[in-house]
Structure formats: C-alpha cells, structure tokens
Amino acid sequence: MFVVPFLICFPFVVSVLMFCIRVNKIRNAIAYVSAVIIMVAVGVLAVQWGLGGGKTILLYKQTEEADIVISVAELALMCAVTFLCFKYKRYWISLLMIIPTLLLEWLEFFGPELAPVNHVRVDHLAVLMCIIIGLIGGLIIVYAVGYMHGYHHHHLEFQDRRYYFFMLLFAFLGAMFGFVLSASLLWIDLFWEITSICSFLLIGYTKTDEAIENSFRALWMNLLGGTALAGGILYFALTQKDVSLINLVEKGVMGNAATVIPIALIAFAALTKSAQLPFSKWLMGAMVAPTPSSALLHSATMVKAGIYILFRLSPAMADTLTGSMVTFIGGFTFFMASLMAMAQSDGKKVLALSTVSNLGLMVACAGVGQAETVWAGIFLMIFHAISKSMLFQDMGAIENSTHTRDIEDLNGLIYRLPMLGRIMFIGIAGMYLAPFGMLVSKWAALRASVNEHNIILALLICFGSATTMFYWTKWLNRLLSSTTEPKIRDITKKNEQISLIIHAILMIALCVLFPVLSTTYVEPLLLETFGYATAALPSTLLYVLIVVIMVIFAVPLIAYSTTKNIPANQKISYMSGANRGNNRDFTDSLGEPKELQLSNWYFKNYVGQRKLMEPSSLLAAAVIIVMLSMIIGGALR
Amino acid sequence: MSSVIAIVCFLVLAPFLGGFLDGLDRKISARMQGRIGPPVLQPFYDVHKLIHKQTIVVNKAQTFLMLTYMAVQLFVGVLFFAGSDILMCFFLLSTGATFLVFAGSVTHSPLSTLGTNRELLQMMAYEPAVLLACLGFYLAPPDHTFVVSELIQTPVSAILYLPGFFVAFVFILTIKMRKSPFDLATAHHAHQEVVKGITTELGAKNFAIYTITEWYEKVFLLAVVALFVVNANPLSYIAAVVVALAVWFLEILIDNTCARVKWDVLLKVTWVVTLLAAGVNMLILMLVF
Chain A
1 MFVVPFLICF
11 PFVVSVLMFC
21 IRVNKIRNAI
31 AYVSAVIIMV
41 AVGVLAVQWG
51 LGGGKTILLY
61 KQTEEADIVI
71 SVAELALMCA
81 VTFLCFKYKR
91 YWISLLMIIP
101 TLLLEWLEFF
111 GPELAPVNHV
121 RVDHLAVLMC
131 IIIGLIGGLI
141 IVYAVGYMHG
151 YHHHHLEFQD
161 RRYYFFMLLF
171 AFLGAMFGFV
181 LSASLLWIDL
191 FWEITSICSF
201 LLIGYTKTDE
211 AIENSFRALW
221 MNLLGGTALA
231 GGILYFALTQ
241 KDVSLINLVE
251 KGVMGNAATV
261 IPIALIAFAA
271 LTKSAQLPFS
281 KWLMGAMVAP
291 TPSSALLHSA
301 TMVKAGIYIL
311 FRLSPAMADT
321 LTGSMVTFIG
331 GFTFFMASLM
341 AMAQSDGKKV
351 LALSTVSNLG
361 LMVACAGVGQ
371 AETVWAGIFL
381 MIFHAISKSM
391 LFQDMGAIEN
401 STHTRDIEDL
411 NGLIYRLPML
421 GRIMFIGIAG
431 MYLAPFGMLV
441 SKWAALRASV
451 NEHNIILALL
461 ICFGSATTMF
471 YWTKWLNRLL
481 SSTTEPKIRD
491 ITKKNEQISL
501 IIHAILMIAL
511 CVLFPVLSTT
521 YVEPLLLETF
531 GYATAALPST
541 LLYVLIVVIM
551 VIFAVPLIAY
561 STTKNIPANQ
571 KISYMSGANR
581 GNNRDFTDSL
591 GEPKELQLSN
601 WYFKNYVGQR
611 KLMEPSSLLA
621 AAVIIVMLSM
631 IIGGALR
Chain B
1 MSSVIAIVCF
11 LVLAPFLGGF
21 LDGLDRKISA
31 RMQGRIGPPV
41 LQPFYDVHKL
51 IHKQTIVVNK
61 AQTFLMLTYM
71 AVQLFVGVLF
81 FAGSDILMCF
91 FLLSTGATFL
101 VFAGSVTHSP
111 LSTLGTNREL
121 LQMMAYEPAV
131 LLACLGFYLA
141 PPDHTFVVSE
151 LIQTPVSAIL
161 YLPGFFVAFV
171 FILTIKMRKS
181 PFDLATAHHA
191 HQEVVKGITT
201 ELGAKNFAIY
211 TITEWYEKVF
221 LLAVVALFVV
231 NANPLSYIAA
241 VVVALAVWFL
251 EILIDNTCAR
261 VKWDVLLKVT
271 WVVTLLAAGV
281 NMLILMLVF
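These protein sequence lines are chains A and B, in that order.
Positions 1 to 637 (the numbering used here) are the ones given, in order, by the first sequence.
Positions 1 to 289 (the numbering used here) are the ones given, in order, by the second sequence.
Calculated from the structure, these hints are not laboratory results.
Misleading hints may appear alongside valid ones.
Simulated DEER-style distance windows between Cβ atoms [claimed, not checked]:
{"no.": "1", "chain 1": "B", "residue 1": "V241", "chain 2": "A", "residue 2": "G633", "range": "56 to 64 Å"}
{"no.": "2", "chain 1": "A", "residue 1": "G608", "chain 2": "B", "residue 2": "A246", "range": "40 to 48 Å"}
{"no.": "3", "chain 1": "A", "residue 1": "I558", "chain 2": "B", "residue 2": "A232", "range": "37 to 45 Å"}
{"no.": "4", "chain 1": "B", "residue 1": "V167", "chain 2": "A", "residue 2": "K604", "range": "28 to 36 Å"}
From the three backbone atoms N, C-alpha and C, an ideal C-beta is built for every residue, glycine too.
Isolated chain A, as found in the complex (with noise of 0.2 Å):
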C-alpha cells in the first residue's frame, strides 16, 4: 500500500515546503491544495482497505534504513529541544527529553536483538484514526488560511511568522498518521514525542511571556508523559526482546506479569497526553495560541493520541489496577472539569473545559476495557472530534468579528451574526441534546458503565451529565437571548465558512447515520479489538433511535413553520411596571433611565477553576501515584 507512506511522510514534505516559501499567496495555495490531497489520500486508503476486505494488513517487517532515520529524527528533536530549554532557562525540562531519547538510542542500536515486528499495522481503528484526522486536520487547514490572514491583520504586535505556524500544522497531521499507523513502539515513541513537541511549539507561536510560560508548562507535562512511555517500551523490550504493540496488548489480555508495568506507564503517557487530572492545566493553557492550533489540539489530534493508545491498550486493560487507575481518573476528570466550565464566562476556556471533560469520559470507557464501554467511547470521540473543532472555528470567526469572547458579550448573537450564530447552536446543541451523538454516546456509557458494575463511574456520569447540561444550556440561553443591539458585520472569510459549513453538515448526517456506523464499522472495529463484539445500545434500540431522531429534528421544524405566519399579539416585557418600551431600559425609582443587564450564573466562588483546580489536581496526582506504585511495585515483587 503505497497510501500509508505517502500519508506519513507527505505533509512532512509540505511542512518543509511551507517553511521555505515566504510569499503568502503562493503558499496558501500550496496549503489549500495539499490539504485537499491529504483528505483524498485517506479516502483512498479507506476505499483500498475496505475493498481488500478491511483485513487487518501489517507491512514493512524490513526497515533498517527508515530505522535510522527515525532515530537520527530522534536525535535531532533532543537537540532542538534542549536548545530551547537552554534559551529560555528551563534547564530541568531538557532532561525529560534527553534521557528517554538516549535510552531509546540505546536500546536500538546496542541493547539486546529485538524479535523482528511490522512496523506498520492497518487496521479498523487505524483507519478510523486516519479519516478523523485528515478529514477534520485538512478543514483546519482551510479555516487556517483565511484566519491566520485576518488574525495578522488584527494583531500588528506579533511578528508574522506564518510560514512557521503553517509548517507546524502540517508536521503535526504527518505525526498523527505516523502514530496511528505505527505497530512498532519505537515508532510510536518518535512520533509521540513529535507531537508533543509542535503542540509545544505552537503555543508559543506569539511568543509573549504567558505563551512561553504555557507552551513550556505543555513541554514539560507531555515529555513526562513520553519518558513514562520510553520506560514502559524499554521495560518490554527488555523482558520480552519485543517492541510490537499488539503483541504486547495480546500478552496482557493472557495475563502475562511482564506486561503489567509497560502497560501501567503506558496508560500514564496516554493520560498527559489527553490533559487528564492532573495533567489538565496544558491544555488550558495552549489557548493563548492562534484558534486554528487551539481547534487541531482539542478535536483532530493531539488529545485524541492519549485516547487513541488507550482504545489499543483496552482489553489488557480489563479488571486491572491500571484500568481501575485510568477509569477512575478519567470519570473524576468528566466530572471535576465540567464542574469548572460552569463558573467560566470566557468561550474559549469553556471549550477547553469541555474537551478535557469529555476526554475524561473516553477515557474512563477505554480503561473498563470491555467492548461495550469502548463502543460508546469511539462514538464519543467521532462526534467531539467534529463539534470541538467546529466550535472552536467558530468562536475564532466570532472573536474575529466581534472582538470579544466572554459568552455573556455575546448576547443575542443567533440575531446579530446569523450565520455563526447558528453554526454555534448546532455545535453545542451537538454537544449535549438529543437527538446528537454526544448525548447517545453518554447514555451507552452510562449503560455500559451500570452493565460492568462500575458505581464510581456509574455516579460521575450521573452527576457529570447533570452539569454538562447546565453549563451548554446558559450558553445557549445568551445566544438565543433577544436584544435591540445592532447587527454586526460578519468579516468571516469565504474559506472559513466553507470549512464551518462542511463541519455542520458532517454533524447532522453523522447523527441520522449513526446506527449504521455502529454496525458496519464499530462493531466489527470490536471484533478485531476484543474478539467479541457487543453495542452498547441493542440494534432494536438502534432502530427506535432513528424514530427519535426524525422526530425531534421535525418537531421544531414542523412548529416552527406552522407557528411563523400565526398573527401574535406582541407586548413589552414585564419589569414591574418600568419598561422604556424597548425591553432593554427601565425607569428607575428616582426617574432615571437605566438599561438592564442581565448574565447567567456562574458560582465563581462555588466551583471556580481557582477553588477547584488545585485540590482536584491534588487527589488526582495522589490517586495516580499510589496506584502506580501499587502496580509496579505489585508486578515487581
């Protein structure tokens, strides 16, 4: 399959490319068409793959050459990153690179002869992995051109550097097919480190002091994350003389104890990696950085590689301490984060808040380690991965507009800017309503979570739910709020309404078609995982939903018809008798003209990320350590 080579190493030729070309038409043109040649390359290895059958393929057995470069690849990284904790004064953090790189080194060309492995594996999930990213990283892409043009115009006091930011979008979509795509932990480990390293570098992109002090805070957590795995991959290789991933999965669903350790810090990395409890604070920080990296970190990519290793990791994962470890901290972050996403009123940060709420939900399905739970975790990530990265494109296209972000500016907004205004109800509506897929996914997991007797998990999505719906409800109740405030002009760019558009429409066709990926996709997705296959949801229920689906997609629709052209009696609002006539101003008890404000609740003093972050944080980082420890010192004894 020549596909899989051309998909890693091709955006990694155009990521040279946009670093080499400095005349902006030229390479937006260049991005655009690549981008373009990046999605029909994973449909034809989608085509490819399913004609030959969607067989599990595995290929390059022999890769001495490429072993190479990937270790002088290696090398390189070290050294540039230890150049910049050097520049910028973080000596300590150059260590978490330099020693798991060296260990690597060593273990390759002077440890012990390693049992030859494929190096790369085509496979249900992979694929999945390959369509979700190319598909939604190409339509960032496209939104990228036309925001990152408007977001230099705007922002004179950054030095345009778009050149560099498009080099690293492209570099981070090679990483990503590099690391689905890879069977070999050694691979794995080079392209996880890949991607920890341009998220680094993209949040610095404007490089202020915040953007240092956040991209360094990433750097330092997801290279922890990488020296865990480095010391899982040596640990197996050196017990076991293998770096396969499937075999070392395969040796654990058969209760092998060497496995129990690469396994358990594996599982950690994957935790860094998807901005888990403790580790939540990196993602929360990458905002500062331009929305088209804000939207790859939190949809298409970078979280969803800590989810993606999970879901592989999940049958050895099945009633273990590490599954326990990982389901716990996963639905305490469900919950703990969309507890703080309602004290937030900035739009972006909710955002952030939710991704890493809902990762926590992935990720407590993928450490049940059972077929059902993981069912619903994949249609989790399917639809987070669209409405994320439609969400946050399009609060970029709004800031950019309206040049704020705090929701309650915003009120009115389905009035004011019709068109993003719109998209945004989708997007959050998509995130929590029925009939979208969030919602449906949640209630396998709750399911699933009940069928496996898991009661911690069982309760956080109970409570979990009940928060995640108030904090996307007041957001919608601003946006849907009336108001007498002008309308604003809409300065969004062609490209990025398309990729908004295409986005949208993905959502709802997702949503009708839903029963039918299940079947023809994810179940045989499981098969391959587990052996068995088991929906969460019975096909029955399936067929029930579809009904659900059509009607709640009609009824508002149907209402809204019938009721347009019904003649209303329209009156002023009720403000006790008050009301300047224009439902914004009010008399005030001296006379005086007053307007009215209105916001949502908040509780900053309830559940604030300041009241809440560093205590969570705490019992998480306490969890993990004594769960760790437990485990290792378990396997050790």
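Once you have looked at the hints, place chain B on chain A.
Using the frame of chain A, we list chain B on its own:
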C-alpha cells in the same frame, strides 16, 4: 396491542387526570390552610379561558419553542407507555425541558430570565437522581433491562430492591412538581401572584400549552412512581395507584409545611440525598446481585 391502548389512554386521559389532580391539589392545599379553595374543576376553566384568548408574546419564537416543548414531552410519555427504554425516555425528557428554558430566556425579560436560571439549576439538581433511578430499575433482579414493557413483568416489585432509589426519586419529585420548598423557578413574585418566574412572559395560549404539558408530565412522573410497585401480578396495579396517590399527597403536604429554600441549599440537599439514598442503594445492589 396493549401498548397502543396504553398510548391512546395516555394521550387522551392524561390531561384530564393531570388537571383533575391539579384541582384536587388546590382544594386540599386550601383546606390545609383553612380556606375553602376554588372548585375542583377550576384548572379546566382556567385553561379553557386561556386557550380562547389571542396569542400574546414578547418574542415570536416563544410560541414555537413552547409547542416543541409540549411535543417532545408528549413524545416521551408515548415512548414510556409504549414500553420503550426508560433511560432513553429520561434523556429525551431533559432535552424537552431545555425548550422550556429557551422559551423563558428568549424574551430577555428580567423575571423570566431569573426563573430560567433557577429552572436550569433545578434541572441540574434533579438530573442525577432521575438517571440513577433508571439505573436502579436496570440493576434490580431478576433480569437486567431498561425496557419498561419488561420491567412491568417482574415477579416482585422493584421497590423491594430499590428503596433508596425510591426515596431519592420522591425527593426530586418535589422539584419536578414545582412544590415548595423547591419551587424556585416558578416562585411567586413578592407582591403579585401572576408573576411566576420562568412563566412570567408566557401569555394566554402559550400559558395554556405550558399548563397542559405540566399535566401530562405529572401523569408521566406518577407513572414512573407506579413503575416502582408494578409487577407481573395484576393486583399490583392497584397497589401502584395507591402508592402514586400517596406520593402525590405527600408532595402536597410538603408543599404546605415547608418554606422555600435558597438555591444553594436546594442543590446541596438534593445531591446529598441522591448520593446517600440512591448511591448507597446502588452500591448494595451491585455488591449483592
């Protein structure tokens, strides 16, 4: 066939039953307070009058949002009486309730918006108990199922296994039925009874829609209470009706004996009761069965 009858009965009879209960509620409350109270059929007179008035709105979207609210809540009831999945019913119920919230906030009116915020808070408070009750039904032996038509065929009543879930559900029913101490969202304005939180800007026809939907919802909720008692034995249906009416009377009693609480007390108390009653019950069920 029996499910078709159940659906038709629900659609046709529920508003009459709900309205009648509402009338009795007002009568009993009045007697508790030493008044004579309105006639039992007063709610029907009210709705009849409201329906025949013109549509009065602050924002035109209100009408369509209220209609959607009603349609979705009716649909949930239909799914329930058709014997469908109970967890799905409750997930849809919150989506329906969201439309009421939208109808309240779309006006940008201060009292209505205040009621909307409170309504949202109430939803957050009762949602865990509702979802947990569904999980309870699933966990109750003998067979693990969320399907209502199978749940009513169990050999023994679910309440024997689910006392904690039942307590939590009855507790949040106070919120759902808009009874003091938890009736924040429709709390009466200090000096005017017509101003009732989220419903402030619902005029005439829309208010009729709201009232009828509340009746349907009341019947649906009491049916869920009955589901705790119903089993394969036909006689259990009588017991179920008795229990549902007893719960309904209890709510009236609570309404007339408790002062309204603040929002933070509402949230804390509800969550603690949910966690202690339903959570502990669930733990025991999971450990034993």
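CB of G608 (chain A) to CB of A246 (chain B), is that within 40 to 48 Å?
Given a distance of about 43 Å, which is inside 40 to 48 Å, the answer is holds.
Determine whether the Cβ-Cβ distance between V167 (chain B) and K604 (chain A) falls within the hinted range of 28 to 36 Å.
33 Å, holds
Looking only at beta-carbon atoms, does the pair I558 (chain A), A232 (chain B) fall within the given range of 37 to 45 Å?
For A232 (chain B) against I558 (chain A), whose Cβ atoms are near 40 Å apart, the range 37 to 45 Å holds.
Note whether the CB distance of V241 (chain B) and G633 (chain A) lies within 56 to 64 Å or breaks it.
59 Å, holds
Of the numbered hints stated above, none is contradicted by the structure.
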